[in-house]
Structure formats: C-alpha cells, structure tokens
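Protein chains in written order, with our numbering: chain B, 1 to 317; chain G, 1 to 218; chain A, 1 to 482.
Keep in mind that the hints were calculated from the coordinates and are not lab data. Yeah, the Cβ is synthetic: ideal placement off N, Cα and C, and Gly gets one too. It is possible that some hints are incorrect.
Cβ-to-Cβ under 10 Å is the rule here; a few derived chain B residues that face chain G [claimed, not checked]:
no.: 1; residue: Tyr177
no.: 2; residue: Pro295
no.: 3; residue: Leu304
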Amino acid sequence: MSPLLQDSLQQALETVFMILLAPLVLGWVNQCRAWLQNRRGPGLLQPYRVLRKLFNKEPVLAHRASLLFRRAPYIQLGCIVLAASIVPSIATGAPLSPAADVIALVGLLALARVFLALAAMDVGTAFGSMGARREMLIAGLAEPALLMVFFTPALISGSTAFGVIVDRLALAEFQIYPGLAFAAVAFLMVLLAENARIPIDNPSTHLELTMIHEAMILEYSGRHLAVIEWAHALKLTVYLCIGIALFVPWGIAPAGHWSVMPLATLILVGKLFAGGAAIAVLETLSAKLRIFRAPEFLGTAFLLAVLAMLIHFLLGT
Amino acid sequence: MPVTQQLINLCASLLLLIAFAMLTQRRLLSLINLFAMQGAVLAANTAVVAFSTGQEHLYWSAGLTIALKVIAMPLILHRLIDRLELRTDQETLINIPSTLLLGIGLVVFAFNLALPISQLAGTITRSSLGIAMASVLLSFLMLITRRKAVPQVIGFLSMENGLFLAATSATYGMPMVVELGIALDVLVGTFIFGIFFFQIRETFDSLDIHHLEKLKER
Amino acid sequence: MELILVLGLPLLGGVILAALGHRERAPEINVAMSLATFAASALLTWRVFRDGPLLFFDKMFFVDSFNVFLVTLTAFVGFTTSLFSRPYMRVERDRGKLTPARLRLYHSVYQGFMFTMLLALLTNNLGILWVAMEAATLTTVLLVSLYRTPESLEAAWKYFILCGVGIAQALFGTILVYFAAESVLGSGGTALLWTELNAVKSQLEPTVLGLAFVFLLVGYGTKVGLVPLHNWLPDAHAEGPTPISAVLSGLLLNVALYAIVRNKVLVDGALATNLAGKLMMGFGLATALTAVFFFSRQSDVKRLFAYSSIEHMGLVTFGFGMGGPVGTFAALLHMTVHSLTKSAIFFTVGHATQKSGTQRIDGIRGLIDTNPTIGWGLMLGTLAILGMPPFGVFASEFLLLTTAMRVEPWATPILLVALAVGFASMLAKVQPMVFGDTTARRLPHPPALIPVFLHLALVLLLGLVVPPALANWYRAAAALIG
Chain B
1 MSPLLQDSLQ QALETVFMIL LAPLVLGWVN QCRAWLQNRR GPGLLQPYRV LRKLFNKEPV
61 LAHRASLLFR RAPYIQLGCI VLAASIVPSI ATGAPLSPAA DVIALVGLLA LARVFLALAA
121 MDVGTAFGSM GARREMLIAG LAEPALLMVF FTPALISGST AFGVIVDRLA LAEFQIYPGL
181 AFAAVAFLMV LLAENARIPI DNPSTHLELT MIHEAMILEY SGRHLAVIEW AHALKLTVYL
241 CIGIALFVPW GIAPAGHWSV MPLATLILVG KLFAGGAAIA VLETLSAKLR IFRAPEFLGT
301 AFLLAVLAML IHFLLGT
Chain G
1 MPVTQQLINL CASLLLLIAF AMLTQRRLLS LINLFAMQGA VLAANTAVVA FSTGQEHLYW
61 SAGLTIALKV IAMPLILHRL IDRLELRTDQ ETLINIPSTL LLGIGLVVFA FNLALPISQL
121 AGTITRSSLG IAMASVLLSF LMLITRRKAV PQVIGFLSME NGLFLAATSA TYGMPMVVEL
181 GIALDVLVGT FIFGIFFFQI RETFDSLDIH HLEKLKER
Chain A
1 MELILVLGLP LLGGVILAAL GHRERAPEIN VAMSLATFAA SALLTWRVFR DGPLLFFDKM
61 FFVDSFNVFL VTLTAFVGFT TSLFSRPYMR VERDRGKLTP ARLRLYHSVY QGFMFTMLLA
121 LLTNNLGILW VAMEAATLTT VLLVSLYRTP ESLEAAWKYF ILCGVGIAQA LFGTILVYFA
181 AESVLGSGGT ALLWTELNAV KSQLEPTVLG LAFVFLLVGY GTKVGLVPLH NWLPDAHAEG
241 PTPISAVLSG LLLNVALYAI VRNKVLVDGA LATNLAGKLM MGFGLATALT AVFFFSRQSD
301 VKRLFAYSSI EHMGLVTFGF GMGGPVGTFA ALLHMTVHSL TKSAIFFTVG HATQKSGTQR
361 IDGIRGLIDT NPTIGWGLML GTLAILGMPP FGVFASEFLL LTTAMRVEPW ATPILLVALA
421 VGFASMLAKV QPMVFGDTTA RRLPHPPALI PVFLHLALVL LLGLVVPPAL ANWYRAAAAL
481 IG
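This is chain B alone, in the form it adopts within the complex (with noise of 0.2 Å):
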C-alpha cells in the first residue's frame, strides 16, 4: 500500500473510532456525576438507548420549518466529524493535517454552531430566539478567548498547524511552561462554556428560562435530534481530544508509526476517561452562574489565555 493510502486509511479509522467513542465519553461523564451525586445513574451506554430509541422515531417539523431547520443537524454533524478528524488525537501526520490549522479548526467550530443557531430562530418560537441570543453572546465571548489560549502553545512550537504543536511538544523534553498552564485553566473555562456544562448551563435542567443549548434544540425530534445530540457528544470529545493534545500529548503517536497505534489508542481512551471525570467533579463542585455573569467568567477566561501569552513572552526571552 502506498502511504498515502495507508494514511487516508488510518485518518478514515481514526475519524470513525472518534465518532463511535464520541457517546460513550458522554455516558461516561453522565455516570460520573451520578456516582458523585451518590445515585446510581443510567449506565455508561445510555447515551447509546437514547440514539437507537431516537432514530426509529420519525420527525415531527412544524409546518414553517424550512430546508435550513431539517439540514442543520447534518451540517453539524458534517463540521464536526471533520474538526474530529482534524485534531490530532490518536496520531499526528494524517493526509488532512497540512489543513489542519487551529484558526480553522475554531472557525469550523463557530460555523456548526452558526447553522444551529440559525436553525434555532427558524422556526419562530420564544425559546428558540432566546436561546439563539444566548448562544451567541456566550459564543461571542469563548470564541476569542479560545483563540488567545491556541496562541501560547502556538508561540512555543512556533507553527499553527496542529500536527507540528503535538509533535514539538510532545517531543521536546520536559518543561514547566507556566504560560501554557495558565493556558490550560482558561482552556479548561472555555470548554465547559462551549460545551453548555455547568457553570455556564446545566445539561440535564428541564426549565426553559434557564437553557442555552437545550432550548436552541427545543422543536427537534426523531432523527434529526439523534443527529444533534451526537454532534453534540462529538463536540465534547472534540474539545477533550483538543484540551489533551496541546497540554498532555505524550503518548500520541508520531507520523506513520503504524505499530504504536493501539497503544496510543488506549491512551487516549485512558486520557478522555480521567478527563471525563475531571469535569464531572468541576460540575459537582459549582453552581450555575446567573446568565449574566457568564461574561465575567468567560472575560476571566480570555484574559487568562492573554496572561499566559505575555508571561510566556517575559519569561521565555
């Protein structure tokens, strides 16, 4: 085989391994919470039930609802999967990586999340608008914050491109970077505000005026809901798969070795659980935030990322 195609191969297995894991990370996160809360949870494969339930059941669209409303979940899905692919989570060197730019990677986040939104108002509702609105303002605030805080592991391996921060990270011998710890707490911020944990939302509320996310996805159901919900599943791993591969990447194998592969493998899965876990405690520990003081957590967060970066340039000439 050519390698090309042995990496095509490989990116195609990765990307697949990702989407199918992609639920259990969520189930797995869920559980935690439940044994922190001292119930007995679901177990690990509900997420699982809940898509199999969903896709057997046939949507049900309001009668304005237009091209835009039934499209969106895939859209979503579709920029997702290919974010997933992107990052490099199991292996860096992949045929996609030259495309592979971090700037691109938060600008193909912001577009999924752009059409979900605009599906959001589409069909008209109260709650959609408000949670649209919502959506936005906090999307608006987490964008240039998780911007800031690609910039420091950017400075230090001197290349945007994804594939070539692992590597020189990864690589390079071990070295408290008090830039990219900073870096990682206000990673760390952002990704429970992207991902609609608490303290920006709770993901499990049943009460409207407190969503963002649920009430973006309030008229949706049957597969369309499934579609959604998996992308947002996907969306958590993504994060997660991010957040390891620029503070914690030994253990990601390098370009083209084939063989490290199932142990990088089980690292990852090994990394996502502790991970998963560790944002279980954080939402057992806090409370919601009133919604607005959402922009102060998240106004910490980008000024973090901006103090990581200029005390990575004080301390690092």
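Based on these hints, arrange chains G and A on the given structure of chain B.
Then chains G and A, alone, in the frame of chain B:
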C-alpha cells in the same frame, strides 16, 4: 533551563495568577484564602531560590514569610471578619471584566518597565522582576476599585507580597535586619488596621468606604 | 553615648507613659522626657560640632552636620510641643472629648513617634530609614484618629491608605537602590549603608538609580505632601489633635524630605544629568503654586495652615532641587524657620480654637480683645509664615528667589505669584480672626504661650542675623548635599 529555574518561574507566575484572581473575587473568605496561598507561593519561591543559590538567610526569610503571611495574618483577618460579622458579597466600583482589562494593561506596562532592569540583574531570578511589578500594580488596582475596607486592606498587604518578590528576584532579598523591620511594620500595620475596622464600624455601623468620603472643602 | 540617650530616652518615655499615661501628672512626665531628649540631642550636636561626622555601632548610625541639626530641631520642637500639649490636652479632657485611657495612648505614642523620627534621622541604613518612616506613619495614624469622630476616622483612614501606598513605592525605590549597590559593594548589610554608597556613588548604574529616584520621590514625597499626593495632609491636620498637627507640620514633613535629599545625593553622583534636581524643582513649584490657590476656599483654620505647610514644603523641595551652595543653604534655613513658625502658629491656633469652641474661621473672632497674647501670637506667626521681614522666613524666601533668578529664571514668576497669592489669601482669612467682635471665653487652664513666643523669637533672630556657628553648619550641610 534547569529545574530550579523553571520552579522559580512557575512560583512567580502563580503569584501573578493569584493577584489576578483576587481582582475577580467577590467573597471575603476567598480573598483571605487567596492571600494565604499567595504567601505560601512566595515562601516556596524564596525556599527554591535559597536552595539553588546557597544563600542561607533566605531560608529564614521563607520561614518568616510562612509564619507571618500564611499563618498569623490570615488568622487575624479571619477573626476580624468573624467578630465584625461580615458576610455579604463585596461589590466593586467598576465591573469585573473592565477591571480585568485594566489589569492586563497594567501587566503589559509593568513587563515593559521591568525589561531594562532585569537585563542588568545578575541573579537567576531576574525574569520574575517584571512579574513582581505586575503583581504590585494589580494589587494597587484592587486597592482602588474596592468599596469596602477589608478588601482594600488585603490589596495593600498583597502589594507588599509583590514587593517582597521583587526584592527576592532582583537582589536575593534584602539584608536580614531590614527584612525583620519590614515584617514588624507589616504586622503592626495589620493590628492597626484591625483596630481601625472596629472604630469605623462603631462610628458608621458599616465598613463601606463611601461613608469615609465626607471630608471636603466645606 | 549621646546617641543611646537620644534614641533611648523617647523609647523609655513611651514605655513609662504606656503604664502611667492616664494619671494626672502624665503631661508633666511627657514634658520631662522630651526635655531630656532635647538635652541629649544638644550634647550630640556639640560632640559633632567638635569632632566632625561620626559613625556609631559598626556604621549603623551616622551623624553629620545635615542630620544633627534636624535631630536638635526635632527634639526641640518635640519639647515645646509637649509644653503646649500640657494645658491643651487637659482642657480637652475636661471638656469630655478625651478619656484618660485615650490620653494614655496619646502620651505613649507621642514618645514613640519621637523615637521613630529620631531613628529615621540617625540611621545610616537606607532600609532602616524606610522602616522608621513606615513606623512614624503607623504611630501618627493612631494619633490622628484620637477623637474617634467620623471625620477623624476618615482622615486617619485616608492618611493610612495614601501614605501606605506611597511608602510601598518608596520601598520599591529602596530595593532598586540596593540592587544597584549590590553589584558594586557586594550583598550583605553594607550595600545599604549611606556612607558606603556615598563613597561609590559614581559607579552605581544610572538607569537603575534614575528609576529608583522616581519611586523614592513619589513614595517619600507622599509623606512630604507634594502635589498631587497631598490629599491626606489637610484632613490629618484638621481632624487630629492640635499638638499632632504641630509635630506633623513641623517635624514629619522635614524628616520625609530629609529621606529624599539623602537619596538625591546618591542619585546626583550616579547620573550625569540633573534628573533628580529637575524633578524636585518641578514638583516643588507645582506644590507651592497649587497649595496657595486653596487658601481662600478654606473655612477651617487648621486646614488653612495645613495648606500653608504644603506650600512651604514645596518651596523647600524647590530649593533642594535647585542645589548649589546658596540654594541648599536657603532650603535648610527655610526648613528650620518653617518648623518653628508653623508649630508656633498651631500652638496659638490650638488655644484660640479651644477658647472659641470651634475650628471654623468665621467662628473665631476678636482674639486681640479677649486674650491679647494669643491674638498677637497668631498675628505675628501669620506674618512670619507669610514672609514679612524681619522674620526668618523672609530671609530664606529672599535667598530662594534671588538664587532662582540667577540659576532658574523661568521659575521666578511662578514663585512670585505663589508667594503673592498666599500672602493675600491668608492675611484676608486671619485678619478677621484676630481683630473684630469676639465670642470667646476664658480657658480653665492657662494657655502655654511661652513656646509660641520662644519660637517666634528664634525665627526673628534667624531673620536678623544667622549665628555664625549655625551659618557654618548650614554651609557644611549644603556642601554635603552638593
């Protein structure tokens, strides 16, 4: 960079992070705990510098810092707010995101100011001079954007922490006799602050600084 | 030996008065300790006069002609203020404004404050200088809030916060000086000794010392009352007890300026440019000019004279900034006569406010009629501080002006405007207080007017003829300062 140098950089950055976090805190208990953490980080930094440069008197300095800033002063402050029964959130004069933006501006300013001096320094810790100045300025910002007395005092005390870091980073600390004098001053100052709070509370029934703005050219 | 006495007597006095300060005889103990301190400082002065600059205790303490005359002045004004505070505080206690317990605090902290100022003047270690200045702030804070009224608490809080922040800047400046010194003198205690630094000042790194001086000027300048950092001064003077206003104006401001000038000597030696001098001139002129425009807005007599202190410290700062033998001589003379005159004024004002029961200017009238000595004391004191000949202030201001005309001509119009505006505004305020219909009543304890006239007589003497010993002294100090 050797490990000790990395640890020193990490400690200095943590100090700056804590000074930054103090700007965002509304609750009094978290402010005092952050102040205690800042003292602990400072002591750790001094100890690492002492270890890597072999300056014995810095161990004493680190011990003094722990005794004073991690144990004694937070204890005094906790007892103060217990007896004054302060529980409510402390609102700031300008909202928190603007304060943070101002803070970042001050950090950039401090880093620029410290750059020529740290290039002249011969110590291994010279890069922390900019961080020390930034912490001082951030504490000063906290001092002037708070309405109640106790956060102002904590800002004042954390400014002294930043100055201590500056001394350690530029010159491996001041001579022992001066450090003892400074420690004594800080301790006495805290006591006097405590006395003050009671007097203010007695007179105004509140620790809101706006009550203390009535003196003008009448 | 004399040094131990000069420093130890106030400390001992503080301890004794901490135990006995609430007794009936406490003010007499205060006077006795202050007199002893003054005697010891006179002895120290005579020793320096005879033997030249002295180093004590392994170079920790340094006495030369610059600080020894300040030491004597401090001890003298401390003594006369304690004489004044004897009847004054008794009246305050009888009127119920103070309890014996608070008087105990007052007396013991008063002696403690003397100790911190003398320590600041006599130490050779710049770090200890900082510690003593901070300690002086801490002691006076408690004294300013002595009456526990809302206004006095506000004044004391403002004082604490502003001067605390200022002192922190000064600490950073001191750290920078130590940093520059370390590379030349090595680490350890010797790098902060002023005598050692003075010997090697040309080798110290210019950029660092320049930055250090800016921080030191801002930091210690807050305690001197330089504009724009002067906000605490009028409030602290107005709301604290009058003896404290007297020592704040007469002594603490001087000591803070002394700290700046000591550091300026080092900075001038290290820098090729006249940065320190220019900064001091700029701040001094701004201070003098701004302060006089506040005179006419004052309705409280102690605030009025507090702004006058700010104006005069501005003039002295300007004088030190100009430098040169005549400029520095004028500044030193001005420091002396201002201390003596301002404290005399505060003594009379204190008695006047007690007689009228108010600090407001429009509540005090016709002092000449009820108590001619107080009335004349206030009138003469005001004329003295405004620079009327033949008082000493005229001599020093004249010297400052003529030097400015020669060396820095651009400053002369500003100085003249400041002096003229100050003269007119203050005289307009004080004149109705002294003359006019009266509302005052007799005081239960006879006022202590000897200090007032003693001070004014000294100022008159200094205006007419500066004794040759003193003049030589000033010249020697001026030469030291450069």
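Structure-based check of each hint:
1. Tyr177: At about 8 Å, which falls below the 10 Å cut-off, the nearest Cβ of chain G leaves the hint on Tyr177 (chain B) intact, so it holds.
2. Pro295: Pro295 (chain B) check passes; min Cβ-Cβ to chain G is 6 Å, inside 10 Å.
3. Leu304: holds, 7 Å
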